[in-house]
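Chemist: Here is what each chain is made of, one letter per residue.
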Amino acid sequence: MSESPGNVQGSLAALYESLQTSVLQLFTDPTQLSPGQAVLVAASALFVGAVVWTCCGGQRRTKVKLRAEFTPGKIYYHVPPPVKAIPCLTPFGMKLETYLRMADIPYEPMYGRSMGPKGKIPWIEYNGEAMADSGLIMEFLNREKGVDLNRTLSDADKAVSRAFTKMVEENTYWGLGWYRWIDNFDQLHHLFEVPWVVTFFLWYVRGNIRRTLWAHGIGRHSKEDIEGIMEKDLRAISTFLGTKPYLMGDEPTEVDAAVFGQLSELCWANHDSYLHRIVTVDCPNLQAYCSRIKDRYWSDWDQLTKKTKKDQ
Amino acid sequence: MSESPGHVQGSLAALYESLQTSVLQLFTDPTQLSPGQAVLVAASALFVGAVVWTCCGGQRWTKVKLRAEFTPGMVYLHTLPAVKAIPCLTPFGIKLETYLRMADIPYEPMYGRSIGPKGKVPWIEYNGEAMGDSGLIMEFLNREKGVDLNRSLSDADKAVGRAFTKMVEENTYWGMAWNRWIDNFDNLHDLFEVSKTVMFFLRPFKGRLQQTMWAHGIGRHSKVDLEGIIEKDLRAISTFLGTKPYLMGDEPTEVDAAVFGQLSELLWTLPGSYLHRIVTVDCPNLQAYCSRIKDRYWPDWDQLTKNAKKTKEDMSLYSEIFSM
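Protein chains in written order, with the working numbering: chain A, 1 to 312; chain B, 1001 to 1324.
One or more hints might be untrue.
The calculated PhoX-like cross-link candidates involving lysine-lysine, where the alpha carbons are at most 20 Å apart (straight line), are [claimed, not checked]:
1) B:1223 to A:120
2) B:1196 to B:1206
3) B:1084 to B:1196
4) A:84 to A:294
5) A:223 to B:1120
6) A:294 to A:306
It should be emphasised that the hints constitute simulated quantities derived from the structure, not laboratory data.
Let the sequences and hints guide you as you build the complete structure.
Modeler: Written out as structure tokens, the structure is:
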């Protein structure tokens, strides 16, 4: 027994020495790194990363890189670049940009993958400051630019439109995320227009999303239950819309930006899915509604989606 | 350089051999386990656990213990035990139980330690099967018992009811969770009726909730932004309710169970908070609405809450509930 402590400590010490040698090798001449050394360094890096991540409570504080020069009063709008299927792969990007177009607020799109100050996209730069969250940005711009898309609504109608906004963004949205990242993951690299090698990175993101869906609660349901929940949400929107051109009446209001943001992804970026079936076959008024908004506010849709990175 | 591969592999082999010896020692005579061996075994176990957890996407599958005997057609409602402040500390428990009372569905409350099949409470046992999620349970019981609290509503009104339900459960809910577990954690022992020592052991679940809310997105906001969001939700409900006795009109419907579930927690378990201020001072019709439902469907409220008794078993139940 007296040998065992020495054995453990001895082998740990030898391993640590190997790690030191490997790290030194990595920085002096990485081409000479042996497979064993590479694995050891990678595993150690992952371990340290996991410890740090756990201690930070999984929260990554994003340091945002802002423009050195800006035009006062101009909105610099950070969003992922268009793909062939849709001008923006995040429903919140479709929402915010549709709002900007509805409100006639000029903006400059900054296509890229930089994350905003809350670690998400879209986000904006305005007068040298970074702002995040599509809803908070819209409230800010309403005040700043004197815009009110909801001015014709009664207070009760404004309340109803908030309820539908929250339902579609805090419930239906997760069903889309589940379908895209978990159920239909094999097709994701096609949609994102990235080489299949990037799929390895997407696997890692998928694990995070699965955890998020579980923690949220919706990920604990069976596939059948999730699809049932999604279907009920979409049918509720369809029923409430009825034969009206827009959700709250004859003219678009803020909720239409939010709902179009989510539904556009289902209409154009999720073909052959049960979600696509619901918004086209089962509830054709939803497809007509989306086309109506697309035609009115996204006259450059084809121009944006044709000239994607894939062509270059 | 030709020595390095051997060196790495050699030390890894030695370590593996030490691990084998340590594990064997653990099972034959753990009293003889050296500190070094104990650390090695513990670290290896943690590592394997972390790998498995990552691959599974962090999901824990809950094995539910069901009753050996049951009465066919009886709803056995598994829910949190009452505290002095409120009959049930989870808004979804208040919601489900209020629905059962609104729909006149007999049920037997089972205050116990078990978590439901989806890792949450409340849950029910019905004809020997376990079911989770208050919304899905309500849909099932509607079909099973021929109940329809929404029968007087138009289709458009049913849609509005669903929208308000989802807003209050998928958005407003986080405001309550944040205030209770993160902002006001130091006072939680009062609400849970336990000593501060017990709360010390529940502290990791505060961190877990923070992680959950971060991943969800709502936890990334500043306190000011978050409170603003929740306030707008509550004002929307208040505005839509107006002077009506219930959300959709003169009689209660399903959405009232959901909204009452959430608002009751704000009204009776978060005194002194901005949430309490909104549902009482800023929007007094919300307080009147909650009292109306409490008086009509919870005449035994005082009886349930006065007899609240805290036990050690209840504490372990709380810790399981909030371990997401």
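Chemist: Next step is simple, just say for each hint if it's right about the structure.
Modeler: Hints, one by one, checked against the model:
1. B:1223 to A:120: 18 Å, holds
2. B:1196 to B:1206: Holds - the C-alpha atoms of residue 1206 of chain B and residue 1196 of chain B are around 14 Å apart, at most 20 Å.
3. B:1084 to B:1196: Holds, at about 17 Å.
4. A:84 to A:294: Cα-Cα ~15 Å, so holds.
5. A:223 to B:1120: Holds, at roughly 18 Å.
6. A:294 to A:306: 16 Å, holds
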